[in-house]
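**Q** Using the hints provided, position chain B relative to the given structure of chain A.
There are 2 protein chains.
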Amino acid sequence: MAYNKQMTALKNKRNVIDIIRLNSPINKAEIAKMAGLSIPSVMKITDELEEMKLICSLGRGESTGGKPPEMLTFVTNAFYLIGVDIGRSRVKVILMDMGAQIYERRYMTSTATENPESFLERVADLVEEIIANADIPKERLLGIGIGMPGILNPESGKIIFSPNFMWKDVELLPVFRKRFAAPVLIENANRAMALGEHWYGVSQNVNRVLTVNLGYGIGAAMLDGRKIDRGGSGCSGELGHMILKKDGNICSCGNRGCLESISSGYAIAKTAQQEARNKNAEKILKEAGGIPEDIEAKHVFLAAEAGDMTAQTIIQEAIEYLGIGIANCINLLDPDMVVLAGRIMLSSDYFWEELKAQIGNHQMKYSAMNIRIKKGILGEEATAIGAATLPLRRFINYGASYQALVDL
Amino acid sequence: MAYNKQMTALKNKRNVIDIIRLNSPINKAEIAKMAGLSIPSVMKITDELEEMKLICSLGRGESTGGKPPEMLTFVTNAFYLIGVDIGRSRVKVILMDMGAQIYERRYMTSTATENPESFLERVADLVEEIIANADIPKERLLGIGIGMPGILNPESGKIIFSPNFMWKDVELLPVFRKRFAAPVLIENANRAMALGEHWYGVSQNVNRVLTVNLGYGIGAAMLDGRKIDRGGSGCSGELGHMILKKDGNICSCGNRGCLESISSGYAIAKTAQQEARNKNAEKILKEAGGIPEDIEAKHVFLAAEAGDMTAQTIIQEAIEYLGIGIANCINLLDPDMVVLAGRIMLSSDYFWEELKAQIGNHQMKYSAMNIRIKKGILGEEATAIGAATLPLRRFINYGASYQALVDL
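Residue numbers (my numbering), protein chains in the order written: chain A, 5 to 412; chain B, 5 to 412.
Any given hint could turn out to be false.
Pairs count within a copy or across copies, as identical chains cannot be separated in the list.
Distance condition first, Cα-Cα at most 30 Å in a straight line; then the derived DSBU-like pairs of lysine-lysine [said to hold, decoys possible]:
id : residue 1 : residue 2
1  : K274      : K290
2  : K172      : K379
3  : K250      : K182
4  : K162      : K369
5  : K287      : K48
6  : K15       : K142
7  : K369      : K274
8  : K369      : K172
9  : K302      : K15
10 : K172      : K360
11 : K249      : K360
12 : K290      : K172
13 : K290      : K37
14 : K274      : K379
Bear in mind the hints are in silico, worked out from the structure with no lab data behind them.
Just chain A, with the same shape it has in the complex (with noise of 0.2 Å):
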């Protein structure tokens, strides 16, 4: 029983929290009203918090016939963050504040060629540069969230496996809390932009979200209210391994016709590259500087715009598949909201125009109704401020709690 009345306390914490960050400024009774608590209740949940320095009055507001009642805001620099972003071909640091407003950046090239741990320790030299330049007192620091494609295990900090990097059974977290007194957590990096959405970004408060990473591959992540989709065994999410044609391509998966081969940043490079070598693709080609090889899938959109009919003609297959592929998560999740967000998001307009029509086209016409399809708004930097909110979510989830954070 008191464990129970532990966890209530708590819920009921992270309740008055929430109301406070999504709906500032608010006065208590509001606050009473929305989290279902007597306003006494309310009154010894705020005295604690704004002595943590996490929420402070801004005064009075307008009264509603008797007195005039205190305007309680959260304060989103009381505490900061940082999150990495690791990258198939870049590492992205940064530092924010608890309104992903971002305060310093440092990015490095990734060479999936290179060892595991001194690639790492040079991510973590990254961290610690930014945290030497930004003079943030220690106990304002809340902790370090890393991103990172693959299948890992959150707790033990394990990457089991990632494709992008060719990396099996690596230990990532040792690195970092070796070099550093902050709390660090990992997640995939799906899981962690889906995070990012829906703490500041498009997703916000919406209860059932599928956010798509469309990059380099494409991966996907569930969120059901404030709980990640993990699934079963860790490994929910793998869009870009729907199989879509029975007989397709060779994905890097190992099976055919994955979504990842017809519709990834890498198989729209692939195909535009072969193009090129059978002479197909001459503005593509220009693009990337004459060499096939070169290609990367920023070209074809570049030349797609410029009205060549092959990059046309690739880009316009892989979003039909896409549209698909969305569409059948769609009938089979039935979410509230689809949040379309990565690299590729960001290339073109037309991209996102034509993908919105084709999940329209194939999704089912008389279930989910009401779905809204989104594009993220966090733009680059979404993984990096989605593993920010790691160390955050899980202070928040306590109930602002550091012991939550010691205890890891």
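**A** Then chain B, alone, in the frame of chain A:
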């Protein structure tokens, strides 16, 4: 706070019921340990359950040193339930106890052209007949559960759209509530089947379960612990409308190349009928008595087992796409178990073995490595049994409270 305390009490009671139900015979010390409760707390609950005759004592078990402990057991026939499966070709009504022991059954033929009201009155007649025949004290009939294909609202009891019956906006519950004093609940047929297998069948005690209903159509339902995942708008689980063949045949939903248009009982029959009209399916035609329009999926299975190549080719394609569709679900949802059930699964052992192999072929190598692929064990009556558990689940979820049923 009072509300929270009540919820905790409810949760404890529900847990104790489930522990006894799934582990009978069991003593109070073991229950206390499994439920994380004190022995006096457990005794308070078990006394109440004994008074309701939901559990009873089997006398003293073996001693482990001191006085031999009293062994408790769940009384599966303390209450009775009625389950209704409204299928496209047949309606099944059963009377069973809480251990899925079936005491009475009544079947009737469905006619899709009949108007919903008179059709539902005929179903209610069957229910009435069973109740009259069974001679059960009114207070021991917990309720009536109905499983029905299509998109429906379990709260209001309205069928929003059932493509199999071509029903739109049909009020189902009033017909039954008018005629019966016992509580009536409805659920989508695929979800009812999943609940059945989870309550008494192959997926008991398994956490994340994807149940696939392979019959005239193809549907799926996802359970997460005790919770059924209906999706944001009640439309989740439309595996049958996963598009797997971009320019395939047109499906009943209006799209092209849906799994249901390739691998369902309906599709298998349609393809064979076409082959028969093209004079390519003599053996199948013979099984169906010589008339192409009379060919059903079962005739194709019979011909295939007798070595007919045309039948084997049709079934092989159905299995291959089913394997892809289910592997796609596994890669996306990462369940702990997939249960394959429905009329097609009962047709042939070859189908089951080959389907298991095809799922394995198309699943990602590094994900869901411990997944279990199982055949449902409740057979023809899985949906009716699952439907019958609707009032039972509600009764137990609310701590064996009649009030929860009366409040419907």
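**Q** Determine which of the earlier numbered hints do not hold for this structure and return their numbers in increasing order.
**A** As far as the earlier hints go, 2, 3, 5, 9, 12, 13 are violated by this structure, in ascending order.
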